[in-house]
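**Student:** Protein chains in written order, with our numbering: chain A, 204 to 472; chain B, 34 to 214; chain C, 3 to 405.
It cannot be assumed that every hint is accurate.
[As the list claims (entries may be wrong)] For lysine to aspartate or glutamate, the following DMTMM-like pairs were computed, each having C-alpha atoms within a straight-line distance of at most 25 Å:
1) B/K72 / C/E32
2) C/K54 / B/E88
3) B/K54 / C/E32
4) B/K200 / B/D129
Honestly, the hints are just simulated from the structure, not real lab data.
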Amino acid sequence: MNLAGFLLAEGSEDAACAWCQSYPCLASLSCWGIVAGALGLLLMLPGGWKRGRYLGVLLGCAGLGLLAADLPWFGDLAHQVFFWLLAGTALVAAVIAISVRSPIYTAIWFAISLLGVAGLFLYQEAPFLGVVTIAVYAGAIVVTFLFVLMLAQPAGHTVYDRVSWGWLPKPFAVIAAAALTGLMTFAVASLPSTAPIPTADPIAGDTATSGAPDHMANLGNTLFGTHLVSVEVAGTLLLVALVGAIAIVIHGKQPQLPNQGVEGARNDE
Amino acid sequence: MKTDDPEITWVEEPELGLAGKMYLPMFAQGLTTTFKHLKNSVAGKTVTVSYPEQEPQIDAPLIYRGVHRLNKDEQGRVKCVACFLCATACPAHCIDIIGVESPWEDREKYPESFTIDELRCIYCGMCEEACPVDAIELTSLYNLTGRSREEMVFDKEKLLSVFDETKDREPMQSAGLGGSP
Amino acid sequence: MTAIILEALIKIALLIGGLMTAAAYFVLLERRIAAWIQDRRGPNRVGMPLTKLRLFGLGQPLADGVKFIFKEEYTPAHVNKVLFVAAPILILAAALAAFAVIPFGSMIPPDWFGRTEPIKLVVAPGVDVGMIYVFALSSIAVYGVILGGWASNNKYSFLGGLRSSAQLIAYEVPLGLGILAVVVAAGSLDLEAIIHAQTTQGWCFLLQPLGFLVFVVAAFAEAARLPFDLPECEQELVGGYHTEYSGIKLLLFLVAEFLHMITASFLIVILFMGGWHLPWGLTGDPAAESIGWVPAIVRIVALAVKIIAVIVFFMVVRWSWPRFRFDQLMALAWKVMLPLGVVNFVVMATVEQFGGSLSTGVKMAIGWGTFVLSWVAIAAAGPLIADNRARHDLHPSQIDSQV
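Here chain A stands alone, though its shape is the one from the complex (with noise of 0.2 Å):
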């Protein structure tokens, strides 16, 4: 059941305006909550008008609030709890990490994003999807940035954190990103509206068992079945980009002069 449906079922006789019935997805209440939040985004990114966070922080909920309204209901109180718990959890991590100044903090709340899909994955019944993604991601890549980002910014913010945070950058950045969101969020409302409801009880622990091994079995054969070309491509792309690393590291070594020998080594000491 639809709560947006239901809600604009008195209004959508008398639209009057002509121009939402050409454009049927402008009389969605998830297109105005992507509109309130790419505005409330825009105010939260740093580098602005400091009061205009608050603001933004306002807008942004609106937004939430707007596109969760539109979601269908699952009719079971303790679904919809978890799923806007892990949901919620994945969504406001991912904008605090863009909106924090600090890049340390930025990591760690990308890293609790990650742990947010993780556990949707896991609550989709994806317990191989969720566990790598923690494992992968919040293990070992986001560590390695916040390793990088330790060493490299002890203190203050370089060019490229003043320039992507300038009048110019911001704007585009954010309708990017709502365009993505609007995209993707039609994309998956024009499919068959069967919507994905769970099957298994997560608090039992039933997920991970209820055909399970098909599960991995199955991944296994689309990874390396279906798409076996396209693993081995992005395999070797990700192997190019290792070697080319290396060759950057040792190009960029300080040649020796030639007088340094090892004597010269030695009386220096």
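Fit chains B and C to the supplied structure of chain A, relying on the hints for placement.
**Tutor:** Showing chains B and C alone in chain A's frame:
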């Protein structure tokens, strides 16, 4: 001295053999040693003692540096001649002597008071080495305790009583180590 | 539903209580073993409170715990308070949560409340991705270390945190490679399924000695035990990432470290040493769905004995081997353990694919042959990282580039 000084002989470590390069044989060797100690200790062969119940065995009491004593000669007089050599040698300045004219024929002075602050003392044994008449010595008493700072400042009577207490166990070092009596 | 939750809660309570007690007593065991190896006696005084009973020092963990709790919990002014407090909580939570899928016994008969199915001694039974779950949680624990080090705002803590993150990330690769062949042989990531597979195929450390070696070395590094305790080596970094911590926060770090070691021991026993099974059918029919009380208890005891043996090995190794230098540590991970893990996986996967009809003896011969050959090859190809000597033929800048 610079590192290229001709007087320096550079010693190279020997090359590792295959066992060393393979690491695991060396590891097994180390583990064997560790297990040997573990086995011995579990069997009760430890080098430490359970102190309050069990007194530690001091292997060489004559050269152990514990509480001081002032030695007495055959007639029961203090051997010290108040020459101040020990007080001069003491790096911690813990010896305080008041020397007065001796009532005896065989020496000019003797200590009217002789105090050692056992808390300042670093038990280096320099006083013992400096003494020309082997009057001050360090005993093997190791468990020196007291309830106040004043109590730990040993006067002449206390130091002489330490001699009475330890003379049977520890002969005077001049005798024990082969010096003149 | 309520029964399931109740059962899970009881198991969690048992597990956490047992683990905390075990960690406390392993600290005592570690101190006693350290003392014995150094020809000392170790802590043997503290016995039962309010009595004169000494009980071989068994009261020591209690005294230690009380001491930690009542010590001043000092938070320095220069730290990042939120992360400073969050780090120890995070690391302990991750260390405990990893035990959700690790079985601490096989199962016990259903004698209560008219149950018909045996009760499995694992908090979340039948998790198909159990192995990866443990990996995920152990990688979450890295956050505790790195954030604790960073939040302390102290150069020793910070260096400890950096070292530890680099070390843990590097050794996750051989850790994963080491178990890959086991998982292929068992056909499952479920820890119980892996134990069950070993009863028919033979224990994995006999069949895949190379994988066992790679896994054990990586497990030592992941648990930050000597000879890989660089994150907190006292001689260089004071206390490493927990230099600034005191009181109960320090206790949380220390307990988490012991829990990592216990996790590693559980994994070594479960993946490579047949879990709770003993040879010659001493632990009952492994394929049976039900179980009597005697084999159930024998299985728990067998598992516990194996784990304690592995932990004692951890503790003895601590006093047998000097610590690695950091470049040696990295060289060991990337230049030795990674290739060995790949070799092991390729050989074992080939055997699995084409050698299904081979007898166990032949498989074992292949495993040990691979082990000896590849180990000798890698030792001959370059000095393993055992060679500590200064390179006089190189300029310092060249040495840097080699590191």
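**Student:** Go through the numbered hints given earlier and state which of them the structure violates, listing their numbers in rising order.
**Tutor:** Of the numbered hints given earlier, the structure breaks just one, which is hint 3.
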